[in-house]
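**Q** So the sequences go chain by chain: A and B. The first sequence begins at 41 in the numbering used here and counts up by one. The second sequence begins at 35 in the numbering used here and counts up by one.
Check the hints yourself; a few may be wrong.
[As the list claims (entries may be wrong)] Distance windows between CB atoms, simulated: (1) A:W50 x B:N101: 38 to 46 Å; (2) B:G35 x A:P80: 50 to 58 Å; (3) A:G56 x B:E113: 26 to 34 Å; (4) B:S60 x A:S94: 42 to 50 Å; (5) A:G56 x B:V88: 45 to 53 Å; (6) B:E117 x A:F79: 24 to 32 Å; (7) B:E49 x A:C53: 25 to 33 Å; (8) A:S113 x B:E39: 19 to 27 Å; (9) A:T145 x B:L74: 33 to 41 Å; (10) B:A104 x A:G56: 47 to 55 Å; (11) B:N142 x A:P80: 21 to 29 Å; (12) B:Q129 x A:S113: 35 to 43 Å; (13) B:Q94 x A:R153: 49 to 57 Å; (14) B:L45 x A:T145: 32 to 40 Å.
I should point out that these hints are in silico values taken from the structure, not numbers from a laboratory. Given the structure is predicted, the values throughout are model-derived calculations rather than measurements. Glycine included, each C-beta is placed from N, C-alpha and C at the ideal position.
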Amino acid sequence: GAVVSQHPSWVICKSGTSVKIECRSLDFQATTMFWYRQFPKQSLMLMATSNEGSKATYEQGVEKDKFLINHASLTLSTLTVTSAHPEDSSFYICSASIGGGVGETQYFGPGTRLLVL
Amino acid sequence: GENVEQHPSTLSVQEGDSAVIKCTYSDSASNYFPWYKQELGKGPQLIIDIRSNVGEKKDQRIAVTLNKTAKHFSLHITETQPEDSAVYFCAGGAQKLVFGQGTRLTINP
């Protein structure tokens, strides 16, 4: 149980284009979904927290107009990287939790590797 | 804000030996401490977690201990196997989960 999927698993795009990444909870309803970014050999950095039907809360330093997050249902959240640039190349990972508190278990997706040329 | 420090950054042990990874946290209001295992190119996988109302939790070869007074918690893996090789992350926090820097564990056959 508690499976989270992401699509696509990897994507290559040209600089200036937009890329959408989907995160789905397959066997549970996720009140809250989280988006992380991970650079090579580094830890996970939280980008934003989204609750179904509400606007996402972005971490300091994360541009909300560049990283658009939509949490349209209890099983789907999307992250759109707009006008992507090479420095946006990274491993993007989502997680989902049934509740919304920090003490709720987060189940992670397999990640999406983005390469911007 | 919350800070989670993890040590060591790399750890190499012989197969069958034990491995210990330690983390400290700064926010005394933190009450949930999960440990994740991440294999190359994959997302993190929850392996064990502990809440502040207990001091120790065990699941087969894996155990976690928590010392709230000292604000540190540790992951213990016994009878290590080659498939335990991965990067391990601790996490904690009161307002949001903050991850440690990670420990690359290598099990030598």
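**Q** All the hints need checking, so say for each whether the structure fits it.
**A** Hints versus structure:
{"no.": "1", "hint": "A:W50 x B:N101: 38 to 46 Å", "verdict": "holds, 41 Å"}
{"no.": "2", "hint": "B:G35 x A:P80: 50 to 58 Å", "verdict": "violated, 24 Å"}
{"no.": "3", "hint": "A:G56 x B:E113: 26 to 34 Å", "verdict": "violated, 52 Å"}
{"no.": "4", "hint": "B:S60 x A:S94: 42 to 50 Å", "verdict": "violated, 29 Å"}
{"no.": "5", "hint": "A:G56 x B:V88: 45 to 53 Å", "verdict": "holds, 51 Å"}
{"no.": "6", "hint": "B:E117 x A:F79: 24 to 32 Å", "verdict": "holds, 26 Å"}
{"no.": "7", "hint": "B:E49 x A:C53: 25 to 33 Å", "verdict": "violated, 42 Å"}
{"no.": "8", "hint": "A:S113 x B:E39: 19 to 27 Å", "verdict": "violated, 38 Å"}
{"no.": "9", "hint": "A:T145 x B:L74: 33 to 41 Å", "verdict": "violated, 24 Å"}
{"no.": "10", "hint": "B:A104 x A:G56: 47 to 55 Å", "verdict": "holds, 50 Å"}
{"no.": "11", "hint": "B:N142 x A:P80: 21 to 29 Å", "verdict": "holds, 24 Å"}
{"no.": "12", "hint": "B:Q129 x A:S113: 35 to 43 Å", "verdict": "violated, 26 Å"}
{"no.": "13", "hint": "B:Q94 x A:R153: 49 to 57 Å", "verdict": "violated, 32 Å"}
{"no.": "14", "hint": "B:L45 x A:T145: 32 to 40 Å", "verdict": "violated, 25 Å"}
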